[in-house]
Amino acid sequence: MTRALALIPLLVAVVFGGFFLWGLDPDRNPNDIPSVLISQPAPEFTLMDVEGLATPSFERADLVGNPGPVIVNVFASWCVPCRAEHAVLTELVESEGQRLFGINYKDKPEDATRWLAELGNPYEKIGADSTGRAGIEWGISGVPETFIVGPDGTVLYRYVGPVVGDNAVEKFREALVQAGALERGVSG
Amino acid sequence: MRRLAVLLFLVLPVALFAVEPDEILQDPALEQRAREISKELRCVVCQNQDIDSSNAGVARDLRILVRERLVAGDSDVEVIDYIHARYGDYVLMRPPFNLSTAALWLAPFLLALASLLIGWVVLSASRRRKTAAGLSPAEEAEVARFIEQNKVSEEP
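Going line by line, the protein sequences match chains P and F. Residues 1 to 188 (the working numbering) make up the first sequence, in order. Residues 1001 to 1156 (the working numbering) make up the second sequence, in order.
Any given hint might turn out to be false.
[Stated by the list, open to error] Computed list of lysine to any residue pairs in SDA-like fashion (alpha-carbon distance at most 25 Å, straight line):
id : chain 1 : residue 1 : chain 2 : residue 2
1  : P       : K171      : F       : E1031
2  : F       : K1039     : P       : D32
3  : P       : K106      : F       : I1147
4  : P       : K106      : F       : K1130
5  : P       : K106      : F       : S1053
6  : P       : K106      : F       : Y1082
7  : F       : K1039     : P       : T131
8  : P       : K108      : F       : D1022
9  : P       : K106      : F       : A1056
10 : P       : K125      : P       : V177
11 : P       : K171      : F       : K1039
12 : F       : K1130     : P       : P9
[As the list claims (entries may be wrong)] Some chain P residues well away from chain F (every beta-carbon gap over 10 Å; in silico):
id : residue
13 : T2
14 : D25
15 : V36
16 : V93
17 : G132
18 : G135
19 : A168
To be clear, the hints were calculated from the coordinates, so they are not data collected in a lab. By construction, the Cβ of each residue, glycine as well, lies at the ideal position given by its N, Cα and C atoms.
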């Protein structure tokens, strides 16, 4: 009995130590909110045309019945990290043949048009979400956020924040591989 | 009257805080319900705040959404369910009890129980040790006899 009692401090140390180790993991973001959309059908949402932009808007039906997964990126011209992410997304579209749809979040059409004219437009379709209501349907907490939607319209993956930097790009590419949109080993 | 108006003006910004004037509903009863619902919903950007007191953009959008649903005739539960469906358990200040939140709800009770158990075991063990340290009447007698014997042998 006394011998078993001596093990209690060790047990407590192991339990709490394990908890702290988990909490201190640098890869764990405590602000991460798991998306309820993963493995769920894409939500219903309404987007408007971006005035003055030739790229057409899209709706939920456009996300269903595609030959492969599509990337849905939420962006805005006022969002600074989106500028950096833009290059990564353009690379994925131009060198890897990915399909990219954009949700232009709470942006002025003229700002969005100028932004895309300056940086280039890798988006196949762009819808304007001027009120942020479509953003709520997608459960976003800010911009940028990027989703991968499967051919049947199922949301496969969500990335919160800009896909910028080796770690983030690698994570996102891995998700594309998992989704079947990218061959493994093809490095960008 | 004027003093009252000034007083009202001073109190108003404190009372409303994050809720901006253009969001407030005309109907005070609906507005009251909206405020109560907003206190149940967590801001997804600054997660220690409810959306009623958060200045984040998404929190404002959600506040407006809550009011729109109320005006459209939703019940309080329907409004909360609507947002819960899009943002998951995390958006609720009081998340429901299910498999993924079980640890959250049960941990305080389990920890309290464990500490009580440990305390009880330790205390009862030390009490047992104390009673064991006492001497039985036979032992007392033997000690007394031993002391007596030594006294006698040392004196001469």
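(request) Taking the shortest Cβ-to-Cβ distance between A168 of chain P and chain F, state whether it exceeds 10 Å. (result) Non-interface label on A168 of chain P holds, nearest chain F Cβ at 19 Å vs cutoff 10 Å.
(request) Against chain F, does V93 of chain P hold up as non-interface, every C-beta pair farther apart than 10 Å? (result) holds, 28 Å
(message) Please verify that the nearest CB of chain F lies beyond 10 Å from G135 of chain P's CB.
(response) Check fails; 7 Å does not lie beyond 10 Å.
(request) Could you grab the alpha-carbon distance between K106 of chain P and A1056 of chain F and see if it respects the 25 Å cut-off? (result) Since the Cα atoms of K106 of chain P and A1056 of chain F sit roughly 14 Å apart, the hinted pair holds (cutoff 25 Å).
(message) Given the hinted pair K108 of chain P and D1022 of chain F, is their Cα-Cα distance within 25 Å?
(response) holds, 21 Å
(message) So V36 of chain P supposedly isn't at the interface. Is its beta-carbon more than 10 Å from every beta-carbon in chain F?
(response) violated, 4 Å
(request) Mind checking the alpha carbons of K106 of chain P and I1147 of chain F for me, to see if they're no more than 25 Å apart? (result) The given pair, whose Cα atoms are some 96 Å apart, is violated under the 25 Å limit.
(message) Between the alpha carbons of K106 of chain P and K1130 of chain F, is the straight-line distance 25 Å or under?
(response) The given pair, whose Cα atoms are some 74 Å apart, is violated under the 25 Å limit.
(request) Just double-check G132 of chain P for me: nearest Cβ-Cβ distance to chain F has to come out over 10 Å. (result) violated, 5 Å
(message) Holds or violated: K125 of chain P and V177 of chain P, Cα atoms, limit 25 Å.
(response) holds, 23 Å
(message) Given the hinted pair K1130 of chain F and P9 of chain P, is their Cα-Cα distance within 25 Å?
(response) holds, 23 Å
(message) Tell me if the straight-line CA distance from K106 of chain P to S1053 of chain F falls inside 25 Å.
(response) holds, 22 Å
Figure legend: structure checked against the earlier numbered hints; hints not met, in rising order: 1, 3, 4, 11, 13, 15, 17 and 18.
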